Amino acid sequence: MKSYVLSTASAIAVCAAGAVSADGHAEAEVLHYWTSGGEAKSVAVLQEEFAANGGTWTDMPVAGGGGDAAGTALRARVLSGNAPTAAQIKGPAIQEWFAEGVLADISSVAEANDWANLLPASIAAHMQCDGTWCAAPVNVHRVDWIWANTEILAANGIEMPTTWDEFNAAAETLQASGIIPLAHGGQAWQDATVFETVVLGLGGAEFYQAALVDLDPEALTSDTMIAAFDQMRTMRGYVDPNFSGRDWNLATAMVMNGEAAFQIMGDWAKGEFLAAGKVPGVDFTCASTPGDGYLYNVDSFAMFSVEGDGKAAGQELLAELIMGPTFQEVFNMNKGSIPARTDVDLSGFDECAQISAADMASTNEGGTLMPSYAHGMALFGAQSGAITDVVTAHFNSDMSSEEAVQMLSQAVANSQ
Amino acid sequence: MIRWLQDNMPKIVLAPSFIAVMVFVYGFIAWTAWVSLTRSRLMPRYEFDSLIQYERLADSPRFETAMVNLAIFGTLFIVIAMALGLLLAILLDQKIRTEGAIRTIYLYPMALSMIVTGTAWKWILNPELGIEATVKGWGFANFEFNWLVDPDMAIYTVVLAAVWQSSGFVMALFLAGLRSVDEEIIKAAQVDGIPTWRVYSAIIIPSMAPIFLSAFIVLAHLAIKAFDLVIALTGGGPGYATDLPATYMYAMAFSRGDIGQAASSAMVMMLVVFTIVVPYLYSELRTKND
Numbered sequence: 001m002k003s004y005v006l007s008t009a010s011a012i013a014v015c016a017a018g019a020v021s022a023d024g025h026a027e028a029e030v031l032h033y034w035t036s037g038g039e040a041k042s043v044a045v046l047q048e049e050f051a052a053n054g055g056t057w058t059d060m061p062v063a064g065g066g067g068d069a070a071g072t073a074l075r076a077r078v079l080s081g082n083a084p085t086a087a088q089i090k091g092p093a094i095q096e097w098f099a100e101g102v103l104a105d106i107s108s109v110a111e112a113n114d115w116a117n118l119l120p121a122s123i124a125a126h127m128q129c130d131g132t133w134c135a136a137p138v139n140v141h142r143v144d145w146i147w148a149n150t151e152i153l154a155a156n157g158i159e160m161p162t163t164w165d166e167f168n169a170a171a172e173t174l175q176a177s178g179i180i181p182l183a184h185g186g187q188a189w190q191d192a193t194v195f196e197t198v199v200l201g202l203g204g205a206e207f208y209q210a211a212l213v214d215l216d217p218e219a220l221t222s223d224t225m226i227a228a229f230d231q232m233r234t235m236r237g238y239v240d241p242n243f244s245g246r247d248w249n250l251a252t253a254m255v256m257n258g259e260a261a262f263q264i265m266g267d268w269a270k271g272e273f274l275a276a277g278k279v280p281g282v283d284f285t286c287a288s289t290p291g292d293g294y295l296y297n298v299d300s301f302a303m304f305s306v307e308g309d310g311k312a313a314g315q316e317l318l319a320e321l322i323m324g325p326t327f328q329e330v331f332n333m334n335k336g337s338i339p340a341r342t343d344v345d346l347s348g349f350d351e352c353a354q355i356s357a358a359d360m361a362s363t364n365e366g367g368t369l370m371p372s373y374a375h376g377m378a379l380f381g382a383q384s385g386a387i388t389d390v391v392t393a394h395f396n397s398d399m400s401s402e403e404a405v406q407m408l409s410q411a412v413a414n415s416q
Numbered sequence: 417m418i419r420w421l422q423d424n425m426p427k428i429v430l431a432p433s434f435i436a437v438m439v440f441v442y443g444f445i446a447w448t449a450w451v452s453l454t455r456s457r458l459m460p461r462y463e464f465d466s467l468i469q470y471e472r473l474a475d476s477p478r479f480e481t482a483m484v485n486l487a488i489f490g491t492l493f494i495v496i497a498m499a500l501g502l503l504l505a506i507l508l509d510q511k512i513r514t515e516g517a518i519r520t521i522y523l524y525p526m527a528l529s530m531i532v533t534g535t536a537w538k539w540i541l542n543p544e545l546g547i548e549a550t551v552k553g554w555g556f557a558n559f560e561f562n563w564l565v566d567p568d569m570a571i572y573t574v575v576l577a578a579v580w581q582s583s584g585f586v587m588a589l590f591l592a593g594l595r596s597v598d599e600e601i602i603k604a605a606q607v608d609g610i611p612t613w614r615v616y617s618a619i620i621i622p623s624m625a626p627i628f629l630s631a632f633i634v635l636a637h638l639a640i641k642a643f644d645l646v647i648a649l650t651g652g653g654p655g656y657a658t659d660l661p662a663t664y665m666y667a668m669a670f671s672r673g674d675i676g677q678a679a680s681s682a683m684v685m686m687l688v689v690f691t692i693v694v695p696y697l698y699s700e701l702r703t704k705n706d
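From first to last, the protein sequence lines are chains A and B.
Start counting the first sequence at 1; every next residue gets the next number (the numbering used here).
Start counting the second sequence at 417; every next residue gets the next number (the numbering used here).
Next up, chain B with everything else stripped away, as it sits in the complex:
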């Protein structure tokens, strides 16, 4: 008996969380997939009704805006946050004296919730309160910076706030990566008289490939599930110009009593996540098996 317990203890300990994950994650994904194939409105109904919800989704200009916004926001957010994070990390890596203090300052926005970030930037970008009003107050009467209230530009304010929030965190990731590169190689390169920028571009950065992948995965999932930032910053507006799939899903499920639409948009979001995560898992599993 004791022997059996010893052998099976790990399984017994893991069983509750395994069951919970099976039910609450995969079970509910299956439930959502099923509901997305029905004509559910206010309450879930379970009679199968073809792909009607996905057809409605395809015909919805609002969902199209949401997907385009996700593409713009996701691309710019990931690229800018990674570039800025890398630049900050390299600058901090120059063995400067106050590194600890500066690192903390750049990392600090990460400690704020997206709601706080969104609200603060809403005030900063508000033409009557923030930057535009301040610069006008200095005497530049023609200065304009009204992205927040311009339907064509509003999505970029979301990028701005998200980059501000996350680039410090990316910096910390890259800094750890830079520190893990073997000092000896760098010294050898310096002895050979190779300029610093070449050391970075040809030796250090290529050896940090796994860090890039981690940073990408973290930022990509932040982008896809972005919800609170948009709600606090623009409320999805002007109009629905800054809607993202997550805010669309919320509006359908909780404001409009259209559970079928909400479920189908949630499934589309999950597919987007899968297209990013599956190659990552594949590459991870393959290296382990080698």
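Excised from the complex, chain A in its bound form:
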């Protein structure tokens, strides 16, 4: 293992030496929003590796608002003509920035390192702008997870649900024995997270693609979509009355301490379980939400057009390190996600991460690997925001599902 790391590091050093240009010094100013404990530790890994390869890293962390504050800082920097060398951007926002004409081309690094074959095709597509490579992926978070308290399930004789009907049946049993079936935080993005897993589960990947990626008006007003809203209404009955405004990690804590049985949340919830000393498979169970498919949320760094050889060298080095197997392994072990490149040895990862990686590979082949709309991977901000508004308005009122789909198609049309 150690020799493997060493050899990789030296291999990277050799490549990096090639990348460093005439003035001999790679530098990078990196704007990111990984500021919480585990995330900061993860990004420090990259920082150290960058320094070990002779680069100078200028850190520009911007905390707050799940990246909103960082986005604002980035806009201000770009508008004033002083873009950072690299910034944490994800999903279609990468192409949106490319359309503004401010992103740099890192195809040379990507092609030299064969990224096209190392990444699942749909994730690789996110990293490309008009045929060139413009961003480097860091990790893959799976969004469509359902987390459960193993003890409660065993005590009530419940198996992990594989269809939404099974989920509803399990929830009724739990409710009868006085346990909150679903731990949920009533914040718009959490409502949207549950909604997209329901759409994927009830409609399948093809329907998900049509409705929430291509925004096909027929799919948006179809019976399947009405059924999805019906399921949301049913699930509204499975959350406790006090769910409004609750943070997701408090909902996770409810599952941990046995107040609630299930939570539907991306794999960052695993970090909460692990931090509390819980063991996967013993204290908590992870499974994909009912139905087939895989919803991914990929963090990535885009490189901006900047002046100076040192900075260009820094971008190449950074891109190379981000996609390097060492970083992908260490970073993702810290963060709870899985590596974006498919050839990393997963033996050090936990059970849930291994399920995630196996499912990513199989859904990639089956064509059911889908971008998460709720986490900004599928649509532009204005479009996904319009959908989320309808989802959260429906979930938090007594609106009928038929009204909801009408509102949905209007909101989507209005957002374009």
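By construction, these hints were calculated from the structure, which means they are not laboratory data.
Predicted model, so just to flag it, every value in this text is computed and none were measured.
Any given hint might turn out to be false.
Which residues of chain B face chain A? A few of them, derived with a C-beta cut under 7 Å, are [unchecked claim]:
#1 V565
#2 P567
#3 E599
A few chain B residues that don't get close to chain A, going by computed Cβ distances all over 10 Å [unchecked claim]:
#4 R457
#5 L458
#6 M459
#7 A499
#8 L564
#9 A570
#10 G655
Some chain A residues well away from chain B (every beta-carbon gap over 12 Å; in silico) [stated by the list, open to error]:
#11 T58
#12 G66
#13 N82
#14 A382
No residue lacks a Cβ here, since even glycine has one placed at the ideal position from N, Cα and C.
With chain A fixed as given, assemble chain B onto it according to the hints.
Structure of chain B alone, referenced to chain A:
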């Protein structure tokens, strides 16, 4: 030269702040107005594109909720805070012994930021932690007070917290007004045997009209720019049930990368402010010219 300096000194001293205000206030208002007429998304673009953003705004159910909420919140907040402030001021005006201490107590919430007020009330109103849980703990098992998590009632919790925060300040304004009324008139009225409530309703309160106007202007602008209270208290939720135009604007500009929508909603907010401020300025300027 010295003479010229003496003559122009006020202009020279005022020039920097005048220029700053022209650029940073009026210049940026003009910029926002321009952007609201474009199809700007993530970054501002400057190609004129008719009234598309205002049409989108008119079609947006969320902005409609925000405007209705502003009407509910603004009206109730201003009316209740003024009524409560006036009542407290009149009660305090009865020459009671501990007036200084009581005045400070009522004025104190004003010293807190809206974020602190919002967070404190979020806990007080939370059904599992606050009032509902406490009363249930006393044995009233059927007691319900869940406005904070009820989409239809949540906006009233914002009113509640804002009134709590501001009525002490309104009280202080009115108290100053009450003290400025000529003692002689009040004494004369008392000599004539006019009951106290009549003294207040027919003499003192009508003579405080300018104070009412000041209190109204202060409260109205607090209501229109209300943002931090909603963010801390409800986060705009449940759903977007407590969204106000300011939180809508923030969401569009900073979370959704939809600068055109944000700019147009900001312009609508400014128009609302204008409809309140312009009559006020007009009446002020007219009295000066008389």
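Checked hints:
no.: 1; hint: V565; verdict: holds, 4 Å
no.: 2; hint: P567; verdict: holds, 5 Å
no.: 3; hint: E599; verdict: violated, 52 Å
no.: 4; hint: R457; verdict: violated, 7 Å
no.: 5; hint: L458; verdict: violated, 5 Å
no.: 6; hint: M459; verdict: violated, 5 Å
no.: 7; hint: A499; verdict: holds, 30 Å
no.: 8; hint: L564; verdict: violated, 7 Å
no.: 9; hint: A570; verdict: violated, 8 Å
no.: 10; hint: G655; verdict: violated, 3 Å
no.: 11; hint: T58; verdict: holds, 24 Å
no.: 12; hint: G66; verdict: violated, 8 Å
no.: 13; hint: N82; verdict: holds, 15 Å
no.: 14; hint: A382; verdict: violated, 4 Å
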